[in-house]
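K.L.:
For reference, the chains in residue letters:
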Amino acid sequence: MNRARAARTAALAAVLLLAAGCGGRPTTHHKPGTSHEEATAGAGRLLAEKDAAGHRYRELPPGQDPSVRLAARPDSEDGWNLHLTLGRFRLTPDSTGSGAVPGRGHARLLVDGKETARLYGTWHHLPAAGLPGPGPHRLTVRLHADDHTVWVRDGRPVQATHTLGEETGEKSGERTAPPARTVELTVAGGRVTPPVGRTEVNRGDRVTLKVRSDRDDTLHVHGYDKAKKLTAGRTATLTFTADRTGLFEVETHGAHLVLTQLLVR
Amino acid sequence: MTPLPPAGELATLLAHGVGSRHDLPVSPFYAFAGAFAALLVSFLGLGLLWSRSRLTGEAAGRPLPAAVQRCADARATTLALRALGLAAYLTLLAHLLLGPDDPARNPAPAAVYALFWAGLVPLSLLCGPLWRRLNPLRTLHLLGRALLRRPEPDRVPPASLGLWPAALGLAAFTWLELASPAPASRAALLTFLGAYTVLQLAAAARWGEAWFARGDAFEAYAGLLARLSPFGRRADGRLVVRNPLDGLDATERVPGLAATLCVLLGSTAYDGLSGTAGWTGTLQTSPLGRTPTATLGLLAVIGVTGAVYALCTAATRVRGAGAAFAHSLVPVALGYLVAHYFTLFTTEAPHAVALALGAGPGPVPEPPLEPGALAGLQVCAVVTGHVLGVVAAHDRAVRLQPPERAVSGQIPLLVLMITYTLGGLGLLVA
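Sequence order for the protein chains is A and B. The numbering of the first sequence is our numbering, which starts it at 3 and goes up by one. The numbering of the second sequence is our numbering, which starts it at 56 and goes up by one.
Any given hint could turn out to be false.
To be verified - Far from chain B, by Cβ distances over 10 Å, these chain A residues were calculated:
id	residue
1	Q66
2	T98
3	A162
4	E186
5	G192
6	H224
7	G225
8	T247
9	G248
10	F250
11	L265
12	V266
Stated by the list, open to error - Which residues of chain A face chain B? A few of them, derived with a C-beta cut under 8 Å, are:
id	residue
13	R90
14	R193
15	V198
16	V260
17	Q263
Hints in this document: simulated from the structure, not taken from any laboratory. Glycine residues also receive a C-beta, built at the ideal position from the N, C-alpha and C atoms.
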C-alpha cells in the first residue's frame, strides 16, 4: 500500500467518523464495512468449503476453543425446550452482520440437516409443528461468526447434536411424540369413579385427563399447576407432558375432591 | 388453559399446608434391604453388644476450646440470638397479618411448616439445643416482665406435669398441619400462633422462665432432637463434643416423655398414611366429613403407636420401663422425621426465604436428590434411627436388669423397635 492511498483512506475514515458523530442517519442497516461479504482479515482463516446453506467455513485461530452442548427436554404443552451450554463463546446478536471476532457470534439450529432458526440465546422453544413429520429427528446446533461464517476446528464445524425421540427408550423411534396415557374420570354426587387410585406414568409421557363432572368446577394438577374449567355434564380434556418426577394430586377445586394421584417415575 | 384458581382456595388443599409434590414411593427393593439390615443389626446387637452399661450420659464429652465456650456464653451472643429469634417471629406475624392469603405468594405458611418445623431437625442436630436461645416466646416473656417490672415468680412448674404440655402442644400443631381443613390459610395460622403465644406467656407468667424448657412444645421437641447432636453441655456446664448416644442417655426421665415421642412418631406416620390413595379416598367418601375423619385417623395412629409402646415396655417387666426406655424412641422418631420432611425442607424452605426477601411468586425449587438417591436416604434414615434406638435401649437394659435377665428382657424392646421400623418402611413404600 503506498503512502498516498493510506492518506486517502485515513481522510475517508475521518469524514465517516465525523458524519457519524454529527448524527447522520445511516441509509442502510449495513454499517460501512459490514456487508454480507465475509471479512477476510483478522479472525481466523477463511476456508473454501461451505455448508449446505452456502456459508463459508472459518478455521478458528490457535488458542480459541469454543464449545457447545445441546440438551432437549419435552415441553409440558407442546414440542421441546432446547438448551445450549456454551463454553468460551458469547452470543452477540447485536453485532450480527459485522466482522468475525473469535469467541463471538451466534448459533444456528438445523433439523435433520436443514437450517431452521438462529439462536441468539441459550434457550429455544421448538414447537412440534416445526418438526418435519414423525420419526426421530437429528438436531444440530452450529456456532457461526457475526459475519455468518461457520466456526470450524480442524476442518469440522463446532457443533453439538441431539436426536429427538430416542431417549424415551423406544426401539424403532417411529414417533417423535412420547407415549400417551389417557385417564377418564367421572365426578358425580361428590363421588369419584373410578375410586381414587394412582396413575403411574414415566417421566416424559403425555398425559391426557378426560374429566366429566356433574357440577361446574376447576380441574387442577398440583405440582404442574395445570388448570382447566369443568362445565357440568361436559367432558373436559387436559393434556400435558409429565416432565417432573414425584407424586402429584389431581383435584377439583370447588368440591375439593382428589380424582387421582399422578405418579411420575 | 384457564387461569389458576383464586388465591385462598389453594390454601385449603395441600396436605402439608405447603408442598404440592409428594415424594415417590420407595421401591420395595430398598425397603426390603432396609428391613433386613434392621433385623440383622437388632439380633446381632443382642448377642454382641456390651454386657455392662457403657454410656455415661451427662458426664461424658470432650470439652470444646475455651474460646468457643466464651464466645457461646457471651452476653452479646445471647442478645444477638434473642434478637434474631424475635425478629423472625415478628416478620412471620407481619406476613400473616398483612400478606396475601395465598401460600404461593405469602412466605408465612412455608416458613412455619418447612423452614421452622422441619428446619428444627437439622438445626438441633447440627448445633445442639440452640432453639432454646432463639425462642422468641422466652424473649417476649423477659421483655414483658421487664416492662411490667414484675419479678420472676419463685414457683416452678409442678414436676408431675413433665412433658405433658409439650405432648399436647405437638398434637395440636400436627393436627393443624395434617388434619385441619385449611392448614396454610392465614386465619388458621394466625389463630394457632396467637392462641399458642398467649397460653405459653400465661403459663410462663405463673411459673417463670423455667416453664419453656418442658412446657413449650417446640422447645421441648428441639431439645429432644438436640440430644442426638454431637454438641451439648455437660453436667458442669462445659460445652462438649460427645458421642450422640451419651447425649441421648442424658435425656431427663420425666412424665410425658414417652407420650411426646409417641405423638411425634404417630403424627409423622399419619403424614405418610395420608399420602396414600386409599386414605385419600376414605377421607373424601367418609360420612363423618373430612376433618373429623382426618382427626380420628391422626388420633388413632398416635394411639396405636402409644399402645404398642405401652404393651412392649410392660412386657419387659422392669419397674418404670415406660419412662426408662422412652429415650430410645428419639432416634426412631428422628429417622421418621428425616425420611418424611427432607424434600419439604430442601424445597419449600428456600422458597419461603426467597419469597420473604421479595422475590415474586416463582416455581418451587426442584428437590436436590434424584428419586433413587432420595429413597436411599429415606431408608438409611429409618434404619439408622432404628439401630441407634436399639443400642440406646440395650445400654439402658443392661444397666437396669441383672445380667442373666438383660438379654431376654430386651426382646420386647426389640419387637417394639422392629414394629416401628417395619411400619415406617411400609409407609415409605405405600
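K.L.:
For every hint, state whether the structure bears it out.
P.N.:
To see whether the hints hold, each was checked on the structure:
| no. | hint | in the structure |
| --- | --- | --- |
| 1 | Q66 | holds, 35 Å |
| 2 | T98 | holds, 32 Å |
| 3 | A162 | holds, 24 Å |
| 4 | E186 | holds, 17 Å |
| 5 | G192 | violated, 8 Å |
| 6 | H224 | violated, 4 Å |
| 7 | G225 | violated, 4 Å |
| 8 | T247 | violated, 5 Å |
| 9 | G248 | violated, 4 Å |
| 10 | F250 | violated, 6 Å |
| 11 | L265 | violated, 7 Å |
| 12 | V266 | violated, 8 Å |
| 13 | R90 | violated, 28 Å |
| 14 | R193 | holds, 7 Å |
| 15 | V198 | holds, 4 Å |
| 16 | V260 | holds, 5 Å |
| 17 | Q263 | holds, 5 Å |
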